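Visitor: If you read the sequences in order, they're chains A and B.
Count the first sequence with the working numbering and you get residues 1 to 514, in order.
Count the second sequence with the working numbering and you get residues 1001 to 1514, in order.
Bear in mind the hints are in silico, worked out from the structure with no lab data behind them.
Predicted, not measured: the structure shown is a model, and the values here were computed from it.
Treat the hints loosely; a few may be bogus.
[Stated by the list, open to error] Derived coverage of chain A by chain B (criterion: at least 3 residues anywhere in the stretch with Cβ under 8 Å from a Cβ of chain B; other residues may be distant):
1. 132 to 141
2. 184 to 193
3. 198 to 207
[As the list claims (entries may be wrong)] As a list, the in silico BS3-like pairs of lysine-lysine whose alpha-carbon atoms are at most 25 Å apart:
4. K198(A) to K1315(B)
5. K1196(B) to K196(A)
6. K196(A) to K319(A)
7. K315(A) to K196(A)
8. K1110(B) to K110(A)
9. K1326(B) to K196(A)
10. K241(A) to K326(A)
11. K1196(B) to K198(A)
12. K1315(B) to K1198(B)
13. K272(A) to K327(A)
14. K1326(B) to K198(A)
15. K1315(B) to K1326(B)
16. K1326(B) to K315(A)
The C-beta atom is built at its ideal place from N, Cα and C for all residues, glycine as well.
Number of protein chains: 2
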Amino acid sequence: MNKKGLAILLRSKMRPLSPVSKVNKLQLAPLDGNKVATQSDSSKTPRDFGQVRESMHSVISMNRKEILDTALSEFSEGYFSLSQENRHKLLLILAREYDLNRSQVRELMKQYVGLEIPKGDGTDEHGHEVEGHLSSFYRIERNLRHALNPMYAVLFERLNTHPGGLKFLATVRADILSIIADENVASIRALDSYLKEKLITWLSPANLELHQITWDDPASLLEKIVAYEAVHPISNLIDLKRRLGTGRRCFGYIHPAIPGEPLIFIEVALMKNIACTIQEVLWHDPPTPECEATTALFYSISSTQPGLAGINLGKFLIKRVIHLVKKDMPNISNFATLSPIPGFMQWLLSKLASSERSVPIFSENILQPHEERALLDAYSESSEGRKGMEVLLQLLSSSNHEWTQSDRFISELQPILLRLCARYLLCEKKRGKALDSVANFHLQNGAMIGRLNWMADRSEKGLTQSGGVMVNYIYSLEHIEDYAQAYFSTGHIQASHDVRNYIEPMEKNEDSIN
Amino acid sequence: MNKKGLAILLRSKMRPLSPVSKVNKLQLAPLDGNKVATQSDSSKTPRDFGQVRESMHSVISMNRKEILDTALSEFSEGYFSLSQENRHKLLLILAREYDLNRSQVRELMKQYVGLEIPKGDGTDEHGHEVEGHLSSFYRIERNLRHALNPMYAVLFERLNTHPGGLKFLATVRADILSIIADENVASIRALDSYLKEKLITWLSPANLELHQITWDDPASLLEKIVAYEAVHPISNLIDLKRRLGTGRRCFGYIHPAIPGEPLIFIEVALMKNIACTIQEVLWHDPPTPECEATTALFYSISSTQPGLAGINLGKFLIKRVIHLVKKDMPNISNFATLSPIPGFMQWLLSKLASSERSVPIFSENILQPHEERALLDAYSESSEGRKGMEVLLQLLSSSNHEWTQSDRFISELQPILLRLCARYLLCEKKRGKALDSVANFHLQNGAMIGRLNWMADRSEKGLTQSGGVMVNYIYSLEHIEDYAQAYFSTGHIQASHDVRNYIEPMEKNEDSIN
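Isolated chain A (complex conformation):
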């Protein structure tokens, strides 16, 4: 069943909002995030670019509140009706023509530089005089703080307090990011950096409500979970119900201005042991009785707003969920993930391909001699004269992952791929941080690499991205902060002895990998 079909099924089968939440959680109709979301479909009446630009200008320059509300709705509806190209054009205008007033800034600076800095810390015997003198500093500093805000700050702030505006701003930021991906324009980067800072403030964890998502939630919310689950797609109603049922937890962060739609959510399985394969997490039945569980396994974390890229809500979410689960279920003492290694195969295949073109890749060989022999033996058919790496490339890039149909290939490839995967996770860096995005996410949150699992995700996506390997990142409560700090300051990646062992013959038994 496709997602739309499921959503319709969910809508028709779910029971309505429970009376308590209906009475107690009020939201004005125009505040409903859905309104803005559907505007993108419903109000695609083609609108003149000039009109939208005009409404943007009104929003920035107006004073009166009522007409302002109208202008804000006008602008956001108009924006949604624009083509991608016109949106880009509009954002460039915003970045360039609604920048800050540089002559005003310079004027204030001139006044400021003319002031004399009082001696001491302002607490000397002439306290009052110093205070009086300082007040000129305070005044100009305050004015400068305001003058240094670009004019488009007004647009962002007004949108933020406008119903549906926060979500609209996330859409705008997604558009800004797509311009930056196309072309590196300084003014657009400044616009992005300013909006990102604002969004970080507005989406501070203090403003987010941790919500346990259950089968009792409205279908309109559950539908979002189905639509946005990015790691292990939810295949049907039974699948969804199971993920919210006994032995499972699902938590999301909800912002009051975007009700009924978590910005990010995490799925947790309560288990006896740290699972080795995603199949057992998703499909084994029945689940472990909750009273026997000792492990909380985070098996999926998905964010729903592309426009919030670079704003790490996941870190806070994981921390709060750990604390919450620990408090509710004191018998749970292990916190771990079962995660994909989404960049592994792309990295490996490009390395193998460039080695075919005789570009050296590692200082050492990709394959160790005994691995190469075993591989050539197994791949008897026409392997004469070929090198192990060619064979490996051919196997791994075969359509439909044919190698996974053969027990022999599976067992020959196991040590090779696990060793290379450990090497990828532990040694491949970009600007001093782990190259793999999921690894980088958990490492910066303070996790360690605990275990690699062979044939842990046999889905199409799991094989294509991670060669079927999955990794358990371990959140060890007493070490989270130390590990996060070490990773942050030196890029040090903490890993278990088992994982380090895969590559230690090369790394000469270093205690850990930097």
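With chain A fixed as given, assemble chain B onto it according to the hints.
Guide: Frame of chain A; chain B shown alone:
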């Protein structure tokens, strides 16, 4: 029964949290606002001033997250244990020694002034060159924005994301306001102005949840309503239940970081007509059947955090409640308040007292000749040779408001006090705005003065503050924004014909009072 007793009664009689809210509205224990609230009682282990100062310094200067959490808790607990005097001392240190780095600011300014402003709007034919040139501006402007933040910004921001921190910051601001009330210190004013701006951002209406408070809410929340109801104290459990029952509504704004405690709440009565007395709102039984109601009467609005003074949450609350009620109950078409005039008697008594000392007060006489005669007649006992104003002062300042025991005085005083009240509301200004704080609040929200009501609040407080008079401010949906705008820009006070009539003989039939 005192408030504490009622709170205990509420605790024991209320049913526990309903299962749905228990499951769906999770809050980590340390996020519970109560923790911080009770800290002020429980952790009054005297703490050394030096220790608290040290922990404040750590919070501002530290890097590591885990120890930071400890330092933040340490600091807030320590702060609560300080005497009022030591808190003031600490806040002065914060304002003066954790100010901004002025040499860094000047250094950046020097760099900035050295840059040449590119011609045009950056979109000319050499677009890229201009962009490249602008990026130096963007960089220094961004650095300056950061450098212009005082060091104490870090403390505020870290507290804001710390469990219980937002509420703690409200306490800190209340302390800052009390220092300013004592002494006008420039650095403390700068500290206050900075913190206030931050709080306005963090308490943006976009971050607040509108919550309908009902009898099904937890006792811990209802207890807060009892404790903070500032206008018409809640006298017992029946009173509270009635205010949350049929024909009544109560709405509050709740911030996710201060759960279970509205920052501000409003009480609404659904009625057939705009009520003339608070007695009928609070005590008439049974209430109007909701289907017959045409009027939503706002009879009380209370904020719970003294530290949020000057941050107008009420305006947004009233607007949202109007929209919500209108949507839920289309038969409701009148929105009005029944409000006290808290500054009326203080103003009048001081005017009368100064007129006794022969200081002229108004350009006209306080009493009109026929009023003076009637008053002296009624006050026959020893009124010989005395002036009407003396008699008025004596009557109004008598203990226990004796005049309210006499029908004759009540009827003689009615035209006098209503006229003077209209004069007070319409003409007495401070910095161009209505002198009366409640009037100023509703007028800036866009209400008009609709009707004065005689003997509308016979409570001790109502007689002492407002001479028993109450006023209906009318929120007329189609005019709210115009009225708010006119009041904001020119101080124009919109009033009904009836109210203007009280003073029109003096004001020569102007259309309205400026």
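Visitor: For each hint, tell me whether it holds in the structure or not.
Guide: Verification of the hints:
1. 132 to 141: Three-residue rule met by the region 132 to 141 of chain A, so holds; n is 6.
2. 184 to 193: It holds: at least three residues are needed, and the region 184 to 193 of chain A offers 6 whose Cβ sits within less than 8 Å of chain B.
3. 198 to 207: Contact hint for the region 198 to 207 of chain A vs chain B: holds, 6 residues under 8 Å.
4. K198(A) to K1315(B): The given pair, whose Cα atoms are some 24 Å apart, holds under the 25 Å limit.
5. K1196(B) to K196(A): holds, 22 Å
6. K196(A) to K319(A): holds, 23 Å
7. K315(A) to K196(A): Status holds; Cα separation ~17 Å.
8. K1110(B) to K110(A): holds, 10 Å
9. K1326(B) to K196(A): Measuring from Cα to Cα gives roughly 37 Å; hence the hint is violated.
10. K241(A) to K326(A): holds, 24 Å
11. K1196(B) to K198(A): holds, 17 Å
12. K1315(B) to K1198(B): holds, 19 Å
13. K272(A) to K327(A): Holds: K272(A) and K327(A) sit about 18 Å apart, inside 25 Å.
14. K1326(B) to K198(A): At roughly 33 Å apart (the allowed maximum being 25 Å), K198(A) and K1326(B) break the hint.
15. K1315(B) to K1326(B): Between K1315(B) and K1326(B) the Cα gap is close to 17 Å, so the pair holds against 25 Å.
16. K1326(B) to K315(A): Status violated; Cα separation ~41 Å.
Of the numbered hints given earlier, the model fails hints 9, 14 and 16; all others are met.
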